Amino acid sequence: MSLPRRWVVAVKHGIDVNLTRADPTTGRIDLARAPRKTSDFDKNAVEEAVRLREKHGGTVTVVTVGPATAREAIRDALAIGADEGVLLAAPDGPVGDSRAVAGTLAAYFRTPGGAFDLALFGEGSTDHFSGTVGPRVAAELGFPSLSHVRQLTIDGGHLRVHRDIDSGIEELESGFPAVVTVGQEINTPRMPTFLSTLKSSKKEIREIPIDSLGLSASKWTRSIVIQEASVPSVPRKKIRVSGENPSALSHELVELLRREGIDGK
Amino acid sequence: MTERVLLVDWVAGEASALLPLARDLAGPGGALAVLSTVAGNPWTSSSGIDTVYQVAAPGFDATRADHLALAIAEATRALPATLVLSGPAKVEREAVARAGALLDAVAITGVRAVRVGPDGVELSRDLLSGNATGIESIASRPALLSLSIVPAGAGPDESPPNATQVVALPVELPTYDLRRISRQPKPVAGVDLEAADRIVSVGRGLQKREDLALIEGLARALGAAVGCTRPIAAESGWLGDDHWVGLTGHRVRPTLYVAVGISGAAQHLVGMRDSKIVVAINKDANAPIFQQADYQVVGDLYAILPELTRLLTAASTAPS
Numbered sequence: 110m111s112l113p114r115r116w117v118v119a120v121k122h123g124i125d126v127n128l129t130r131a132d133p134t135t136g137r138i139d140l141a142r143a144p145r146k147t148s149d150f151d152k153n154a155v156e157e158a159v160r161l162r163e164k165h166g167g168t169v170t171v172v173t174v175g176p177a178t179a180r181e182a183i184r185d186a187l188a189i190g191a192d193e194g195v196l197l198a199a200p201d202g203p204v205g206d207s208r209a210v211a212g213t214l215a216a217y218f219r220t221p222g223g224a225f226d227l228a229l230f231g232e233g234s235t236d237h238f239s240g241t242v243g244p245r246v247a248a249e250l251g252f253p254s255l256s257h258v259r260q261l262t263i264d265g266g267h268l269r270v271h272r273d274i275d276s277g278i279e280e281l282e283s284g285f286p287a288v289v290t291v292g293q294e295i296n297t298p299r300m301p302t303f304l305s306t307l308k309s310s311k312k313e314i315r316e317i318p319i320d321s322l323g324l325s326a327s328k329w330t331r332s333i334v335i336q337e338a339s340v341p342s343v344p345r346k347k348i349r350v351s352g353e354n355p356s357a358l359s360h361e362l363v364e365l366l367r368r369e370g371i372d373g374k
Numbered sequence: 008m009t010e011r012v013l014l015v016d017w018v019a020g021e022a023s024a025l026l027p028l029a030r031d032l033a034g035p036g037g038a039l040a041v042l043s044t045v046a047g048n049p050w051t052s053s054s055g056i057d058t059v060y061q062v063a064a065p066g067f068d069a070t071r072a073d074h075l076a077l078a079i080a081e082a083t084r085a086l087p088a089t090l091v092l093s094g095p096a097k098v099e100r101e102a103v104a105r106a107g108a109l110l111d112a113v114a115i116t117g118v119r120a121v122r123v124g125p126d127g128v129e130l131s132r133d134l135l136s137g138n139a140t141g142i143e144s145i146a147s148r149p150a151l152l153s154l155s156i157v158p159a160g161a162g163p164d165e166s167p168p169n170a171t172q173v174v175a176l177p178v179e180l181p182t183y184d185l186r187r188i189s190r191q192p193k194p195v196a197g198v199d200l201e202a203a204d205r206i207v208s209v210g211r212g213l214q215k216r217e218d219l220a221l222i223e224g225l226a227r228a229l230g231a232a233v234g235c236t237r238p239i240a241a242e243s244g245w246l247g248d249d250h251w252v253g254l255t256g257h258r259v260r261p262t263l264y265v266a267v268g269i270s271g272a273a274q275h276l277v278g279m280r281d282s283k284i285v286v287a288i289n290k291d292a293n294a295p296i297f298q299q300a301d302y303q304v305v306g307d308l309y310a311i312l313p314e315l316t317r318l319l320t321a322a323s324t325a326p327s
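Protein chains in written order, with the numbering used here: chain A, 110 to 374; chain B, 8 to 327.
Simulated from the structure, these hints should not be mistaken for lab results.
Only a predicted model underlies this, so the values are computations on that prediction, with no experimental measurement involved.
Glycine residues also receive a C-beta, built at the ideal position from the N, C-alpha and C atoms.
Be aware that a few hints might be false.
Stated by the list, open to error - Each pair of labels, with its calculated beta carbon distance range:
#1 B:Ile188 - A:Asn354: 50 to 60 Å
#2 A:Ser321 - B:Leu180: 27 to 37 Å
#3 A:Glu181 - B:Phe67: 38 to 48 Å
Said to hold, decoys possible - Non-contacting residues of chain B with respect to chain A, defined by C-beta distances greater than 12 Å in every case (computed):
#4 Gly20
#5 Arg30
#6 Ala85
#7 Arg211
#8 Lys215
#9 Ala220
As the list claims (entries may be wrong) - With a Cα cut of at most 30 Å, we get these calculated DSS-like pairs of lysine-lysine:
#10 A:Lys164 - A:Lys311
#11 A:Lys374 - B:Lys215
#12 A:Lys312 - A:Lys146
#13 A:Lys374 - A:Lys347
#14 A:Lys308 - A:Lys164
#15 A:Lys374 - B:Lys290
#16 A:Lys346 - B:Lys290
#17 A:Lys374 - B:Lys283
#18 B:Lys97 - B:Lys283
#19 A:Lys146 - A:Lys308
#20 A:Lys328 - B:Lys97
#21 A:Lys146 - A:Lys164
#22 B:Lys97 - A:Lys146
#23 B:Lys215 - B:Lys290
#24 B:Lys283 - A:Lys346
#25 A:Lys328 - A:Lys146
#26 B:Lys290 - A:Lys347
#27 B:Lys283 - A:Lys347
#28 A:Lys311 - A:Lys146
#29 A:Lys346 - A:Lys374
#30 A:Lys312 - A:Lys164
Sequences are here, hints too, so could you generate the full structure?
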């Protein structure tokens, strides 16, 4: 068995949570116009792939699905150290849902140029956090998926991971090709330097129109319709506890909690 | 519109907790089935369930997401189901995603609520790392849903017993190379934050590890569990992952949540938003956590916590 050399990272140009504001009167958020940036955990996936290349050689390809503006996510990954980028160019208009994006990625990975040994995904996107795209791609291709990976090593042509399963940590071993999703615990992505950014601007981004991938039109049609996004309003009393000093503040808080039926134990 | 609902019984009792919701969604004239992956079969002639699918495949391992996904896909085809409901575990979420791909169907995780609205099935889920709630409708069937919260315990079963059909479900297992080497419980277990009625949580306002004693003291005085934000667990490692409240940590819903030295990043708020009463203690009067608090204490935790702990302890030990 040949050693794995083709590392692929799928990234998302998602909504920038920290720059998104709701309409102050309605509490509604206009998702279509929200500012976008590279999804946080995807950078952990890029960092992990770059470390694999540094140790085992090969090429890191970063791929995304979206309109031309999604190139920004590829540029970010190239600045971290990925070697080349692929934009699966979608038409303008509503972005695909997780089914559409996973189907598009899987179709690309089936093409001769898209084959990989290991594909890495963030374990969820900062905006939707469904965590479904990586496992979906794996299932479409008939590959194993290893999700929520916290530690990853390659040994003798095998992949070994530690993954989080709520109640504990599982150690799994798998052959290639395989798909992993990683969380932020796995590493700290390096900060691109001025030089790495400059160098990355010369790296190639190939553009492949998604309708050249042989997808049916129904694949790109959204099946999940977001009717409304709004800031959740949990009614809170927002009572500023009064008191001149720590002692007075504490007395007042204890009294307020007592009225709520909460005492010391 | 009626739905044909398949419940995934992955951990014992999960499906019975989801049963009332499933019945609502199925409506009169719908269908209700359970995919049973747990040992034994508690579903015979009960609960208005029409069909129980029992996986019949040597080597089937329900703790493997790929195996579970194949079973979900087979049962969905067999019923045939329009809606699949499963719980929130990571293995279930991964299985629902894989099954979605096998069926070319939508798979949605982190679903907080599902209801039948005027336009069919509507669901709400967190968006933007918990900054927003989205109302989504599903335009195609089948749709596979992983709920983020399973209602605690099942209500009394009031439906008349009916003849439940038990169907053996053959599943063809994958042949690729994937093995479990080991499985270990998480270290420093012993905290069950999801079950805690009171939680005292700490964030970056704490300056050093030794100062955790202050937090633990207040928690003891209140009979509370200790929680924390991501920096305290994942970055500094002062507390284990089992204490971590947030988007990728635990989602908690205690009666009392005391946030100490926590600024209130969106990824933390999503984990504690369902708390009944929230107290925030922070020296920055503009900290976002105060917008999510019932009682806002602006002050230095190092000055307030000793006093607060003393008062609460004195109150509980004083003769009444």
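Tested hints:
no., hint, verdict
1, B:Ile188 - A:Asn354: 50 to 60 Å, "holds (57 Å)"
2, A:Ser321 - B:Leu180: 27 to 37 Å, "holds (35 Å)"
3, A:Glu181 - B:Phe67: 38 to 48 Å, "holds (44 Å)"
4, Gly20, "holds (16 Å)"
5, Arg30, "holds (24 Å)"
6, Ala85, "holds (19 Å)"
7, Arg211, "holds (16 Å)"
8, Lys215, "holds (20 Å)"
9, Ala220, "holds (17 Å)"
10, A:Lys164 - A:Lys311, "holds (24 Å)"
11, A:Lys374 - B:Lys215, "holds (27 Å)"
12, A:Lys312 - A:Lys146, "holds (20 Å)"
13, A:Lys374 - A:Lys347, "holds (25 Å)"
14, A:Lys308 - A:Lys164, "holds (21 Å)"
15, A:Lys374 - B:Lys290, "holds (26 Å)"
16, A:Lys346 - B:Lys290, "holds (19 Å)"
17, A:Lys374 - B:Lys283, "holds (19 Å)"
18, B:Lys97 - B:Lys283, "holds (26 Å)"
19, A:Lys146 - A:Lys308, "holds (21 Å)"
20, A:Lys328 - B:Lys97, "holds (26 Å)"
21, A:Lys146 - A:Lys164, "holds (29 Å)"
22, B:Lys97 - A:Lys146, "holds (26 Å)"
23, B:Lys215 - B:Lys290, "holds (17 Å)"
24, B:Lys283 - A:Lys346, "holds (11 Å)"
25, A:Lys328 - A:Lys146, "holds (25 Å)"
26, B:Lys290 - A:Lys347, "holds (16 Å)"
27, B:Lys283 - A:Lys347, "holds (13 Å)"
28, A:Lys311 - A:Lys146, "holds (21 Å)"
29, A:Lys346 - A:Lys374, "holds (24 Å)"
30, A:Lys312 - A:Lys164, "holds (21 Å)"
The structure shown violates none of the earlier numbered hints.
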